[in-house]
Amino acid sequence: MTKLFPTTVVGSMPRPAWLLTELKRKNRGEISYEEFSSIADEAVLLAVKYQEDAGIDILTDGEQRRDNFYSFVADKLEGIKLMTVAEVMDYVEDKSRYEQMLRNLDVPAFAIKSPVAVGPIRRKRPIALDELLFLRKHTRHEIKIPLPGPYMLTRASWIDPVSRNAYWDREELAKEYVRLLREEIIQLRDNGASFIQLDEPTLTEIVYGEASRQTFMCAAIFSKIDPKKELNFATELINKTVKGITGVKLGVHVCRGNWSRREESLLKGDYGPLIPYFQEMKVDQLVLEFATQRAGDLSVFRDVSDTRELGLGVVNPRTSEVEREDQIISKVEEAIRYFDPSRIYLNPDCGFGTFAESPVNTATTAYQKLEAMVRAAAKLRTKYGAA
Amino acid sequence: MREVSANREKAEELNVWRARVRWLGGFRGRAYVRDHTFIIDEPADLAGVDTAPNAVEYVLSALGGCLTVGFILNATKNNIRVDNLEVSLEGRIDNILTFLGLSDQGHPGYREITAKLYVSSPADPKTIEEIWRKTVETSPVGNTLARNVNIVPEVSIVE
Chain A
1 MTKLFPTTVV
11 GSMPRPAWLL
21 TELKRKNRGE
31 ISYEEFSSIA
41 DEAVLLAVKY
51 QEDAGIDILT
61 DGEQRRDNFY
71 SFVADKLEGI
81 KLMTVAEVMD
91 YVEDKSRYEQ
101 MLRNLDVPAF
111 AIKSPVAVGP
121 IRRKRPIALD
131 ELLFLRKHTR
141 HEIKIPLPGP
151 YMLTRASWID
161 PVSRNAYWDR
171 EELAKEYVRL
181 LREEIIQLRD
191 NGASFIQLDE
201 PTLTEIVYGE
211 ASRQTFMCAA
221 IFSKIDPKKE
231 LNFATELINK
241 TVKGITGVKL
251 GVHVCRGNWS
261 RREESLLKGD
271 YGPLIPYFQE
281 MKVDQLVLEF
291 ATQRAGDLSV
301 FRDVSDTREL
311 GLGVVNPRTS
321 EVEREDQIIS
331 KVEEAIRYFD
341 PSRIYLNPDC
351 GFGTFAESPV
361 NTATTAYQKL
371 EAMVRAAAKL
381 RTKYGAA
Chain B
1 MREVSANREK
11 AEELNVWRAR
21 VRWLGGFRGR
31 AYVRDHTFII
41 DEPADLAGVD
51 TAPNAVEYVL
61 SALGGCLTVG
71 FILNATKNNI
81 RVDNLEVSLE
91 GRIDNILTFL
101 GLSDQGHPGY
111 REITAKLYVS
121 SPADPKTIEE
131 IWRKTVETSP
141 VGNTLARNVN
151 IVPEVSIVE
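Residue numbers (our numbering), protein chains in the order written: chain A, 1 to 387; chain B, 1 to 159.
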């Protein structure tokens with residue numbers, strides 16, 4: 001994209017109530033994925049309309065077909081089973097950590113589902129190609145496809161001993177995800193996606209997720225991890241996934257959780273400990289939350305500025321009040337101290353409906369926040385150069 | 001259940017429950033209940049080896065189990081479908097130091113227990129709340145905890 005300060009979204013938009021009803025029917029096995037997906041087409045059109053009307057440059061389909069940003073792979077891959085935390089707890093040793101998390105999140109074990117590797121993983125359907133092909137028919141805008149990252153998928157779906165039926169260790173499972181994601185990225189590129197974003201929100205959990213703050217996205221490894229080793233593993237997986245792929249913008253999105261509007265229940269801490277690993281990641285753009293104060297200061301880029309593009313989070317998806325243009329502009333100007341204006345994209349901190357059943361905002365507020373972002377981008381373009 | 005309501009003797013039988021607990025050494029015990037057994041231990045902080053829940057945790061679990069059964073019983077009686085149900089309990093001991101002989105203040109029993117119901121059901125929230133209220137009100141374990149139960153200490157010294 002040649003214009004300065006392109007605007008985009010991280011991924012999800014709130015789903016209409018009728019879509020959630022259909023999603024439940026699909027999850028109960030009353031309708032097939034194909035039947036559900038054809039109903040979801042209508043919701044995607046709404047999500048596209050909201051983004052286009054707000055003036056967003058690079059659109060997603062609002063993740064309307066997904067129950068959340070990573071569990072949806074259970075519909076796409078053989079060998080993955082959606083298991084409730086209640087089922088997972090029967091297998092894991094550290095049950096008390098799960099119990100602690102359930103209490104922290106105030107949720108029952110039957111309500112949280114995680115995609116668990118229970119057999120050899122094979123592609124049953126494309127992971128996101130169907131989303132792209134539908135979008136291409138209905139918008140002329142550039143398209144971003146968010147994909148769960150290889151580390152996220154590995155971490156979420158490796159449960160010992162269930163996963164050992166097919167993979168001896170999680171490194172073996174990770175190889176499979178790297179292979180599948182590479183194939184998908186190449187297909188998405190060849191079919192016209194302009195931006196592919198790998199979602200790796202659990203990277204902050206490695207650094208800041210003490211037991212009581214962890215989420216179920218981590219599956220079963222918890223405190224047994226060595227943060228440095230884990231971050232190296234994640235970086236290596238991302239690099240293997242994108243190795244040699246050109247012709248499409250590749251990004252990594254990191255945040256601190258987006259399951260609740262209670263800011264105090266989400267992780268807190270700056271990107272400092274992740275900077276060395278960001279430097280190693282062979283991607284074009286880092287899509288990072290910065291509207292929330294929990295993400296710390298942009299000065300963490302002081303010594304490493306301008307080596308990547310920055311997808312700058314300028315609106316908080318979880319708040320009711322819409323950010324003022326001057327707030328957004330001042331956040332961007334803070335980023336301009338460390339990044340050339342040509343390398344800055346504007347986006348919300350995260351999705352507006354990361355988890356289908358518990359969106360963090362209404363469609364109306366999401367739309368107003370996107371509009372505010374677009375207005376601020378227009379003013380910034382006038383100030384910093386031609387559109 | 002019809003049999004129980006029609007047969008007084010049967011109902012009287014169900015008024016009496018029994019358990020035996022045998023000391024296994026340390027702070028561990030094994031409970032024998034009809035054809036079932038389970039271990040009772042203490043966490044390391046209370047000088048146990050943490051191979052099983054401790055007695056007060058069993059009390060919470062017993063209450064949770066009782067409320068689960070009670071909710072399903074009352075929902076069924078009212079022809080209400082329950083898709084999923086979980087009860088999360090937390091109890092606060094008045095003063096654990098009293099149990100350990102390190103304080104005279106308060107008592108070593110639960111001061112308060114919170115029982116939170118998570119339920120998936122097509123019934124309206126008001127009906128669910130009413131059934132939950134009724135469940136707590138008629139819970140045998142709930143009533144045991146909420147009322148003063150008379151504990152009769154007996155002893156037999158075995159040669």
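Since the hints were derived computationally from the structure, they do not count as laboratory data.
Hints are supplied without guarantee of correctness; some may be wrong.
To be verified - Calculated cross-link-like contacts (lysine-lysine; reagent style DSS-like; alpha-carbon spacing at most 25 Å): (1) B:K126 / A:K24; (2) B:K77 / A:K113; (3) A:K76 / A:K3; (4) B:K126 / A:K95; (5) A:K81 / A:K175; (6) A:K26 / A:K95; (7) A:K175 / A:K268; (8) A:K3 / A:K282; (9) A:K76 / A:K26.
Small disclaimer: the values here were computed from a predicted structure and weren't measured.
Hints, one by one, checked against the model:
1. Between K126 (chain B) and K24 (chain A) the alpha-carbon distance is near 23 Å, which keeps this suggested pair within the 25 Å criterion.
2. Of the supplied pair hints, the one linking K77 (chain B) and K113 (chain A) is violated, its CA atoms being roughly 31 Å apart against a limit of 25 Å.
3. For a cut-off of 25 Å, the pair hint linking K76 (chain A) to K3 (chain A) is broken: about 35 Å separates their Cα positions.
4. Proposed proximity of K126 (chain B) and K95 (chain A) is contradicted: the alpha carbons are some 33 Å apart, above 25 Å.
5. With a CA separation close to 19 Å, the supplied pair K81 (chain A) and K175 (chain A) stays within the 25 Å bound.
6. Of the supplied pair hints, the one linking K26 (chain A) and K95 (chain A) is violated, its CA atoms being roughly 30 Å apart against a limit of 25 Å.
7. As the CA atoms of K175 (chain A) and K268 (chain A) are separated by approximately 31 Å, the hinted pair breaks the 25 Å bound.
8. A distance of roughly 23 Å separates the Cα atoms of K3 (chain A) and K282 (chain A); the hinted pair therefore holds under the 25 Å criterion.
9. Restraint check for K76 (chain A) and K26 (chain A): satisfied, since their Cα atoms lie roughly 14 Å apart, inside the 25 Å limit.
When the structure is compared with the earlier hints, violations turn up for hints 2, 3, 4, 6 and 7 and for no others.
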